[in-house]
Amino acid sequence: MTKLAALTAATMLAGLPVMAEGVKVGMITTLSGGGAGLGIDARDGFMLAVKQAGRSDLEVVIEDDQRKPEVAVQLADKMIQSDKVDVLTGIIWSNLAMAVVPAAVAQGKFYLSVNAAPSALAGKGCNPNYFSVAYQNDNLHEAAGAYLAKSGFKKPFILAPNYPAGQDSLTGFKRFYTGELAGEIYTKLGQTDYAAEIAQIRASGADSVFFFLPGGMGISFTKQYADSGVGLPVVGPAFSFDQGILGAVGEAALGVKNTSQWSKDIDNDANKAFVAGFEAEYGRLPSLYAAQGFDTANLLISAINKADVADAAAFRDALKAADFASVRGKFSFASNNHPIQDIYVREVVKEGDVITNKIVGVAMEDRSNAYVDECKM
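Under mature numbering (1 follows the signal peptide of the UniProt record, and there is no 0), the residues of the sequence shown are numbered -20 to -1, 1 to 357, in order.
Since the hints were made in silico from the structure, they are not lab data. Misleading hints may appear alongside valid ones.
Below are the DSS-like pairs computed for lysine-lysine, each with C-alpha atoms no more than 27 Å apart in a straight line [as the list claims (entries may be wrong)]:
1. Lys48 / Lys104
2. Lys252 / Lys286
3. Lys310 / Lys130
4. Lys154 / Lys130
5. Lys64 / Lys300
6. Lys330 / Lys203
7. Lys286 / Lys310
8. Lys130 / Lys252
9. Lys300 / Lys203
10. Lys203 / Lys168
Keep in mind it's a predicted model, so treat the numbers as computed, not measured.
Kindly produce the complete structure, drawing on both the sequences and the hints.
Right, dumping it as structure tokens:
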């Protein structure tokens, strides 16, 4: 555990409203096993914002869900019943979010998502106390589909793991790429051997490949694909080509285009300060997950500045206002409490000795999500 992970309080900022009891946050995230890097980055980004804010009225309890839904449910129950948290956050994986979020918000708790944002919670299953600070799961995949269509590709092969975010990813991709597909595969969640899938791509007549495989899955696929010599252009969402993954994949990812609502080279003061602060604190470049954790904490702090969490209606309105400096620049919430934001096209490049991303275009401007009209609240 880093020094920030243990942080629960700091110096009070003069002139800010003081609550009698303060706000207690329960962070359930993946800190061990497959995908731990994603949770660690989200935690570290969140806790960096907490440290920078210096709030003595904000306490954070952090637990490891081990990427297991049953563990996440047990932790949420403990945090709600025993720890008496006011707000929950931290979950990376959509199947864990589906296991935790509906019950948490039904008990009157606020849930702020640092990552997972399944369609089931954006449409008919939306709730006034649930806010996604990241995106709606389909968004980055929609942008990839739009980019491939605009770039003139005629026959992509698409694949993703078989769980809620994977299903949302291919649905989103096909919402904006409506042409012929060379093939479509759902892989096993946590799979590491992609020889069979790569063989199918080779034989399919595809002219390009789109894949969503977060964490270690993406590392495995990218390395195996590069070694296979198939050589077709690859496009994916940022999850498959984010900073942590690029460090493990290396030059095999060079030239790949990927879509993201955040990049370290977005030109605004908040983002520049975040990237510099994160690198100074942790000795590494931030990832998409770190940026989302940072924004989530700053959204929460902006609401604490305006309202008492015990006044649920006022606190909800304060969250909805999104009165904070997002590292993404433009940021607001749609009526179903999911972001409206730009989505960029990035290219994997080498800067000195570092494999990283740079923005090369905008895939979508002010993108909301496809489920707003299904949300009745």
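Taking the hints in turn, this is what the structure says about them:
1. Lys48 / Lys104: holds (25 Å)
2. Lys252 / Lys286: Cα-Cα ~26 Å, so holds.
3. Lys310 / Lys130: Given that 27 Å is the threshold and the Cα spacing comes to 24 Å, the pair holds.
4. Lys154 / Lys130: At roughly 14 Å apart (the allowed maximum being 27 Å), lysine 130 and lysine 154 satisfy the hint.
5. Lys64 / Lys300: holds (23 Å)
6. Lys330 / Lys203: Roughly 17 Å separates the two Cα atoms, so the pair holds.
7. Lys286 / Lys310: holds (21 Å)
8. Lys130 / Lys252: Not satisfied, since the Cα-Cα distance of roughly 31 Å exceeds 27 Å.
9. Lys300 / Lys203: violated (41 Å)
10. Lys203 / Lys168: holds (18 Å)
Violated hints, listed in ascending order, are 8 and 9; each of the other numbered hints is respected by the structure.
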